[in-house]
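Peer 1: Since chain A is already given, all that's left is putting chain B on it; use the hints.
For the record, the sequence lines run as chains A and B.
Residue 234 in the numbering used here sits at position 234 of the first sequence; the count goes up by one each step and never skips.
Residue 525 in the numbering used here sits at position 213 of the second sequence; the count goes up by one each step and never skips.
Derived by calculation from the structure, the hints in this document are not laboratory data.
Take these hints with a grain of salt, some might be off.
[To be verified] Label pairs and their in silico Cβ distance ranges:
1. 466(B) - 173(A): 37 to 47 Å
2. 560(B) - 140(A): 43 to 53 Å
3. 131(A) - 479(B): 47 to 57 Å
4. 560(B) - 261(A): 52 to 62 Å
5. 158(A) - 435(B): 52 to 62 Å
6. 113(A) - 351(B): 56 to 66 Å
Where a beta carbon is used, it is the ideal one built from N, C-alpha and C, also for glycine.
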Amino acid sequence: MTMIEVDRLTRHYPGHHGLPKAALSEVSFTVAKGEVLGLLGPNGAGKTTLSRILTTLLLPTSGTATVAGFDVIRFPRRVRHHIGLVLGGDRGLYGRLSARQNLDYWAALQGMNRRTARARITELICQLGLADRADDRVETFSRGMAQRVHLARALLSAPSVLVMDEPTNGMDPHAVVGFRGLIQQLRDQGTTVLLTTHDLHEAQQLCSRIALIDRGRLLRVGTPQKLLAAVRAPRVVTAARVAPAIVNSLAGIVGARVQSRDGQLTVHVDDDTVLATVLASLVAAQVTELTVAQPNLAEVYRGVIEDREFAL
Amino acid sequence: MYAYARVQALLILRSPGQFAILTMVPLYSSVFFTVLIHHHRQSAATVVALTAFGMSMWAHAMFVGAEAVDDDRRDGTLEHGLLRPENYLRALVTRVSVSCALSLPVLGEVIVVGRLLFGLPITVARPAMCLLVIGLVVAGTVGAALLTSALMVLVHAARTMQNAMTYPFYLLGGLLLPASTLPPPFDWLARGFFLAHGFALLRELVLGSAPHLAGRLILLVAMVLAQLAVGVAALRWVMHSSRHGKVSLHG
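Excised from the complex, chain B in its bound form:
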């Protein structure tokens, strides 16, 4: 696992372009904070900081994490990986997890921007519990990135699909507004989506009140595990299909 994680970290560190999302999206937080101050809604600063972090995390997962398989296909390393399919699957899960985990510092970045540059009262009522939920949400996002990476190999319009994986999911995941405010049937879809559940819980935790916490945490864990299982199953299916000649090994 260490070798897989190290390789992914090195690949990302040696491609500064991969940090574009992590550096650009927090800049949006400046826009959001400016709007808040203009409307005298400083009390919403913590929730807005979460929004900026959530958008960065999701976009980074879709545009960097999810590219692992497609990058390997383009670099011609996919065939060699498929010579050891079980280990390659483990490597991909580790590599995508490393990519997604690199979005965690953005949370600190957004808080620093809000507090130091804008003087906003960004406070977290239950930091330990918030960190736990954030960890779970990042793990679920790894599952979503694995699923996306599998789809990118399968579909012809991979870039279009990848672009479509951002704003609709910001809404569906309740990153911009609580998912409960979505009209039907989108609110129903959001109820089965780990991101909407996780961010609803996170919003309440930063403010201090989160009723039925244990039950909701268990539900979130189940949703995250389900998302990871779907992502791994999709990748496994891609590998299986490649052996049947249904998936091109060349990008």
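Isolated chain A, as found in the complex:
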């Protein structure tokens, strides 16, 4: 069952000299029920614009998008009942209020009656590990704790779709691990998640599929395995205590880029046949300290998305 369907979605903003600037251009994809789609891209790629359109905060210039079968333009109220929004960062809650008071307010805003809201808030506070601090002011919370209150708010109406915009931004490593565990639980319970993140490790760990977006255009969509298979990123072979004669022989293999220093060898290879030849040569030379690093999402990202900020 498709929970999010985006078809040729385009959003223009007024740019310099009144010329329209495309924040999103003809973006199309679908997300199935229970899937976690990671949205990766640099700042200004169009990720937040897409999140806002899907959560009915912004209208597209053209194209269509549906959430749980409801068009975000024509049936925003229906969409809002199926969607929860989690934003990262320091803001988004009333710091002077406690977690419970915040959730009371947001529950009222979501149209929940007091009895239902109280029961649901208590349930979420326990589920998200906030019970000990539920009546403390949010301004005293760590980023990880505050983010759990953000998640609790998004889950008040038990939405079938969650849109998360960099939810682990600025968290310490322990909090990140805990928060990712919560997302995994939601995914296992059948919640569909659109996860915007800069963290490639997080995307690889949590997402069933990944979409790469830049300059408002969707450049790639696929499972991490499919994206990795398609990328022509080099495999890196490292070995220790390699004799100079072996280094010289490896340097003669076409397609192998060899670097060596004090017996420490690094070989970059693009091709599986070349990789096999290099490994065979090292094994034949009785080199035992040997590693082969597979390409990861970072290589995919760097291969697909142009570096604009640090390109020299």
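Peer 2: Relative to chain A, chain B alone:
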């Protein structure tokens, strides 16, 4: 509604700075009362007390009540509110009403200062009717605060505009002097302003004589409702514009 009102009350109570206007402006009443005594005009004490209350109420509405949307934008809560725009609008009306209603105790404060500290004869001839008119004036001020809160999101020089919303409106609203004493065309502008109408009626009620009371009350109710409608419509327009990308959701 209770949840919205409770949140606003808590937000204000936990920010003592928000009470600055309510504590400082009544101090002006001491200045006003001193001037009265110096000029042997003790008989004007009740009207002067109304002036001090009116200034506090209006300033509090403009500087605290009208900040609700801008505060939400700064705190990053606006986006979450806009996920339920109809309920958020109700929440804002309730929250701004709570903020403005907190200025009501100032009236008692000013009367206490005048009577106990200065021994002035502050008396109210028709207290029930005065309270009704004050309630209506506060409701109209809620409408003005809603309109201002919408404008603060729309204009770039929000703080300048906010500062400009005080003294000109003290004059236009007839808080310092009866609006009928304003030169044209300001007296014409004042005739369409609920605050000028309400304070003119209030001044007469505290002294006892208020001719054509029923008709004037009906007119005041109509003006207050119109002001509330304009304030709500402005906020609704801001929310509508935000969905079109014409309003920044970040402060």
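Peer 1: Taking each numbered hint in turn, which are not upheld by the structure, reported in ascending numerical order?
Peer 2: 2
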